[in-house]
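4 protein chains.
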Amino acid sequence: MGSDAREACAVFGVFAPERDVSRITYYSLFALQHRGQESSGIAVATDKHIICYKEMGLVQQVFNESILRMLKGHAAIGHNRYSTTGSSTLANAQPVLFEGCAGDGRAFALAHNGNMVNTAELAAEVSRLGLSPRASTDTEMIGLLLEHGCREKPFAEALVEILERASGAYSLVVLTTDALYAVRDPLAIRPLALGRFPEGYVVASESAAFAIVGGEHLREVEPGEIVRIGADGLSSHRFATGQWRNCMFEYFYFCRPDSILRGKEVYSMRIEMGRALAREAPVDADIVVPVPDSGMPAAIGYAEESGVPYHEALIKNRYVGRTFIEPLQAQRELGVRMKLNPLREVIAGKRVILVDDSIVRGSTSREIVRMLRQAGAREVHFRISSPPIRYPCYYGIDFGTYEELIAANLSVEEIARRLGCDSLHYLSLEQVVAATGLPREEFCLACFNDERPIPLREQMKISKFVLEKQ
Amino acid sequence: MGSDAREACAVFGVFAPERDVSRITYYSLFALQHRGQESSGIAVATDKHIICYKEMGLVQQVFNESILRMLKGHAAIGHNRYSTTGSSTLANAQPVLFEGCAGDGRAFALAHNGNMVNTAELAAEVSRLGLSPRASTDTEMIGLLLEHGCREKPFAEALVEILERASGAYSLVVLTTDALYAVRDPLAIRPLALGRFPEGYVVASESAAFAIVGGEHLREVEPGEIVRIGADGLSSHRFATGQWRNCMFEYFYFCRPDSILRGKEVYSMRIEMGRALAREAPVDADIVVPVPDSGMPAAIGYAEESGVPYHEALIKNRYVGRTFIEPLQAQRELGVRMKLNPLREVIAGKRVILVDDSIVRGSTSREIVRMLRQAGAREVHFRISSPPIRYPCYYGIDFGTYEELIAANLSVEEIARRLGCDSLHYLSLEQVVAATGLPREEFCLACFNDERPIPLREQMKISKFVLEKQ
Amino acid sequence: MGSDAREACAVFGVFAPERDVSRITYYSLFALQHRGQESSGIAVATDKHIICYKEMGLVQQVFNESILRMLKGHAAIGHNRYSTTGSSTLANAQPVLFEGCAGDGRAFALAHNGNMVNTAELAAEVSRLGLSPRASTDTEMIGLLLEHGCREKPFAEALVEILERASGAYSLVVLTTDALYAVRDPLAIRPLALGRFPEGYVVASESAAFAIVGGEHLREVEPGEIVRIGADGLSSHRFATGQWRNCMFEYFYFCRPDSILRGKEVYSMRIEMGRALAREAPVDADIVVPVPDSGMPAAIGYAEESGVPYHEALIKNRYVGRTFIEPLQAQRELGVRMKLNPLREVIAGKRVILVDDSIVRGSTSREIVRMLRQAGAREVHFRISSPPIRYPCYYGIDFGTYEELIAANLSVEEIARRLGCDSLHYLSLEQVVAATGLPREEFCLACFNDERPIPLREQMKISKFVLEKQ
Amino acid sequence: MGSDAREACAVFGVFAPERDVSRITYYSLFALQHRGQESSGIAVATDKHIICYKEMGLVQQVFNESILRMLKGHAAIGHNRYSTTGSSTLANAQPVLFEGCAGDGRAFALAHNGNMVNTAELAAEVSRLGLSPRASTDTEMIGLLLEHGCREKPFAEALVEILERASGAYSLVVLTTDALYAVRDPLAIRPLALGRFPEGYVVASESAAFAIVGGEHLREVEPGEIVRIGADGLSSHRFATGQWRNCMFEYFYFCRPDSILRGKEVYSMRIEMGRALAREAPVDADIVVPVPDSGMPAAIGYAEESGVPYHEALIKNRYVGRTFIEPLQAQRELGVRMKLNPLREVIAGKRVILVDDSIVRGSTSREIVRMLRQAGAREVHFRISSPPIRYPCYYGIDFGTYEELIAANLSVEEIARRLGCDSLHYLSLEQVVAATGLPREEFCLACFNDERPIPLREQMKISKFVLEKQ
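Protein chains in written order, with the working numbering: chain A, 1 to 470; chain B, 1 to 470; chain C, 1 to 470; chain D, 1 to 470.
A couple of the hints might just be wrong.
Since copy identity is lost for identical chains, a pair holds within one copy or between any two.
[Said to hold, decoys possible] 27 Å max Cα-Cα, derived DSS-like pairs, lysine-lysine:
| # | residue 1 | residue 2 |
| --- | --- | --- |
| 1 | LYS153 | LYS316 |
| 2 | LYS153 | LYS264 |
| 3 | LYS339 | LYS264 |
| 4 | LYS48 | LYS339 |
| 5 | LYS339 | LYS316 |
| 6 | LYS316 | LYS48 |
| 7 | LYS153 | LYS339 |
| 8 | LYS264 | LYS48 |
Hints were generated in silico from the structure; no laboratory data involved.
Put together the whole structure using the sequences plus the hints.
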């Protein structure tokens, strides 16, 4: 998908009094860096306090050994952020610390992936209660309401109460001085996995974070489930009678290929999507070339199924990261040039099947097609391992507005013309679903078909909120 | 090759009064980041001065927009360093600025990839002349002698004189207030490419740096050639009747696959090495898996030739970089775990052909084999697209000592046992050479066969120098 | 005056091709640190370019040896900022670089101390011309107009033209690739001194900056004068028939005691103010105590004239600087406590004459009086070496609004009660003027008597502008 | 004394579960900044852990709000360092954390002002026990022995044991998870004060640190006393039958004038030294001028006693701090020029009595005398409020070696000639002692008369150690 779409966030949590919990969180956030590069933070619980450190930047830039050594405790949560709502400042970084009732040992920290759809409602409640938000995020609203609620009732009770009022797609980790809570929204739209290692438990947006610390994948946190991990072990509570509505984007794009979703490695599903794509849209060509890194598994699957040789003919600079250096003026397409360089000898004179997982705005895709042509490609056949994205997402993924979504405004033929490719095919929704091995009704497919899993009254609020955001 | 071997440095130069030379250098150094991650620096020439900025860290960490905007001029050189001699401090970072005769407009800056083999001799000369080195590098010695020499004779003449006395494998860029010089050693052991774009010339360790700024590859700087680029264009001078003795390591490991060596893309040569490997050492197996990223092209070639399906079953964290965080204690193999994660579903129960470009010390390779076994691999057949490295390199690549080189001490069978793989095969020297399409005598193959391209008397000095270094 | 009032900015310029101009600027800005601690910057001219570096923070925090070494050229300007208009961000830091016509060698940088009073008019002109300001400062408006003007006429001519339109109290330094310009407003409200050393010229807000680099004070830049310093030496031009209207605040508070104003050291004038204060308001007491550091000279003068022993009984922490650490909650008066500590043995049981140069808002003064009482002072007689400040300043000093000025709202007796002192006396305007040795009509005394040196029509604009600023 | 002598360190400790202990420590270290500017650190105790943060630089540079907020706990210690032994690196910064038996809740941190004189002996013991020092400081040796000792016996017992073996001049603060210990050496050479505020206790090198946080000075920690502060309050233990041998340097130079030593404010003692100096060495002159800041109180005392007018005619830059910028080449005396600027009008034609507290190497003093002459002083009479320093100190103050001490090698007349002054007088030892109001035998005066309070056998070891250090 190149750099067109903005990714969601990563959340992580660990409860393991015998282990160095901040170091475990550090390495796990590093493994989940792909889900957010704007800011990173870790909060740690001691017997009486929660301490927290967060900064703008990549995990490796934010933390150093001195900082990690200060983060001592028996449990921790962590977060990598890519802003979907609120502006890009440290004030919006997570985890967020709430100390209002610190004297009672009720300080807590909270980190969050996804989007509340009734933020305006929550903000109104916050305002009604006379609470003072320090930032404009969902996280701040939920935290303030929780801070207020837990003054009068047990923490877990206050948490359930606010969850019953919050509506949206989210995965939440909450750290108190005595427990770690992991919460998944009633439709399980955003991912959240539970793992274990000899001395404790871990939760993470993706199971790939477990391997780096020697943990083992147990299961997904279920729709509408609160998992609480404390000194007395793990307990589970359902605050809603949920059902599975997983975001399909995680399956074909967001998640690392080595993460497990609903019991199956994502890589294998993507290989299968590539195979299906070869069957659905075969083409007489010389080489199959992935758009790195996201198109790789589908391209391998396509090549395998079609028998056309696979070549990584777009070389990616290994050292990626956020840069704040202005581009060279003369290089319109430098954004892509900085990341990718075509192999002329491999491409020149060839009929190329270019494989990617999706197209959002299409600008990067167009530059890549142009790059292939300049390198001498005789034909460029573009194959996408997902259906056209026609509708914005209000559940945590920032595609932008209708205007920006190329498939919201153009037919497949028009898109092909716009991108400058000889042919273009999107994998059918049926085949994408089939590749996952799960029933169609267990997915949120709203960005493809506008069938929203969250009911209408809420939807209107969403739209309003999003429009205000623009 | 994983992380076993230490890479050489990158040099870059640009002469283009109409362009933003420091920005061009920045993006080029970014493209050459793989050749050195310890420090980075840029020097720029104005009419009267050379100004220079360098710091420890990656290109993206060292420079910011404020710094780049201060680096204004008509020509620039840049450098990424991985120390091969001298310790890892800012004092040893490059380019090095020499201002001794700044009043005469003879300030210059110098950057260098490779190793002088007669450093002791040069240091003796420096000491005899009463000059005061600020650091222990070759670069400092050459610079001091040049600074001294150019007081009495024209700069180019002084440069030739010192080059005639310096012995070793090096690529050198020198920046004066009026010209950019690019120098390649008489055996062209280290790489150096020349490129052009509408408004000027560029030189770089690798041609892959040209694409990022819209430049075009012209040719290699030739053995014993000095290229001078000034306001009056490009001129060339031979200070030695050189011959080609290219370092083979650049062909199968160091260079980016999209760089051109002797007129041919490196990727294609590596695909051919993989194919040759499949012919030389076929094995009945289920999947071909590369060690990312270095083993990728050979693995694709192997898969293509053998018909065994290709799978990128070791997932690499996209966000690599130098970390100074201590590892988790319980994870002995974390160094590898932090970078790679195996796909269990793909590997479990399979007979795996694991392909890498080379083995140096073998510790990373052993961890990878173990990782595959833990993921359920039934068999692991290791295939290496180069011959065993049996001898240290004294020409700019830090393999370490004999003791550290696994193939200097063990037979192939012993290595296989040590690594824990079911079979192991190194590609024959003949086939590696054949894959490049160049004659065998145009390579330095000393690390494989101890045939040193630099004569004996010098060799002894080298050995002595290296022993002192340990 | 303690920390009640906000200081103006410092400007500096040097033209000295044989010297290290950025280092000279660095040390001079360091000597002028008291005039602004928010940001610091240096711009340097080479034959073709102006390069500039600026950051938030103190001079010693902003620059390091690496940065200074990049700032090579034949002339430089520098600036320390304390914002009087515009918000406190890097975007508002100075010098400001204008490169619009860089190709013609007409890049320039500009730094500024003071306030334009017709900013709205200038902004309207900027808008009319379709220019795009990057910041909200006067400096940006003047620079944009100058950048626009010098496209069609010689630089000096364009400069004069804009100066004829700009109205206000300012000292301006402008750096082009071939000259340094120093400009003083037609009423010479803000200070600007000219100095010389063997190899070149220097200009600075205060002459105390010259000593640190071995320069010699020549004279003041005169009202409405443009001094131009280039390779051909110094030339002078009058763009307005100015008259002296020096800000009296510089005489009794802002300037370093070792600076020279109108040919006389400031320290001596302040000693004389203290003596006059002792004559005007004698009191039977045991010790004279200055509010450090600003009240020191007047207190010495008071003690000398009165014969009452002088004691520095309020100890100041030597290590001052901007802190971003939140205060201890329980310490309401910590702002003062962090800076001053009373000597109990010296103060206990004594009748104290406390001397300061001025009172602005009065909050710090009140804390100091309270501190003396807590330390056991039997009586506290407050003596101020300037008259009550009753009116806001629109010429570069940020007293805030009428509401904040204690003397705008209370009588001297009421102020004494508010501060909690046994007696309070402000030195009469006549005596302050007399201590300077200059005629009363050569000062701007608007903050004492509302007699504004800039005519009425403009004043209204000023008021409007200021009100908008609140 | 100008910048000739190197200062000792500052230690601080607080036990106050109800207060923000890290913020209290921050402000206190800020008040003690004059005792060490090389590095700063704070360690905080939670129920189970000690966490510590330290960096090179001033207190205000080392800490920011994010760091302080991580340092939560019920007790804290802090340290500012100026290295007297060991090199200037972060590895030698304090507090030092020891976590060897962290599992048992026996982690502790340690900070230290002074010098162990039997470091070699301690190091031998460390080596004999097979312990691995991470640094070369006394603190590390004591900490390692304590860490080893407390495995087998109660912490306080282990502490006493190691104190009985350590010999030297030191003030020590030790933080465990349940207590704060403050220890003073058996001769009380280095200072250590005990204070109290409503919610807890504080200890500090100087009582001036108490005021900043609203604390009250209680008493000195006594010779050979261990004070323990825990949840159950304060208890005291004597590990040695000590006697007072206070370092006289603290009285006339090191301590802030607002600190209390043995019940009396230091300022008053220094005023008295100045008065005695006026009586002992009167001179017919026009003004008394202090060397700021250290000579100020004695100069005020001298002026008061002699009736000669006092003037602060050497203006000091308020913004001091460590700079790493190279000086301007042409300014040999820039070190002094950067800090001081003479008032020409005040000095010209005058006979000046220059007052300072001490002379160590004399280089700064010479520059100041020269500066006064250049400013037109007719005569310069130098008066020093302490006797000549003839012998190195082995108890925590770094005067350097015999060779560097001007009075170790020259007579007073020779020193006067070397400094270029018209007359020079050092206050007699009798008068210095008299000004303190304490008996002579309660001081360590070794630097004046070589009478060492620690017996001979140890002295030899000291000498040996120090010689090795050079």
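Checklist entry - Which hints, by number, does the structure contradict? => result 1, 2, 4, 6, 7, 8
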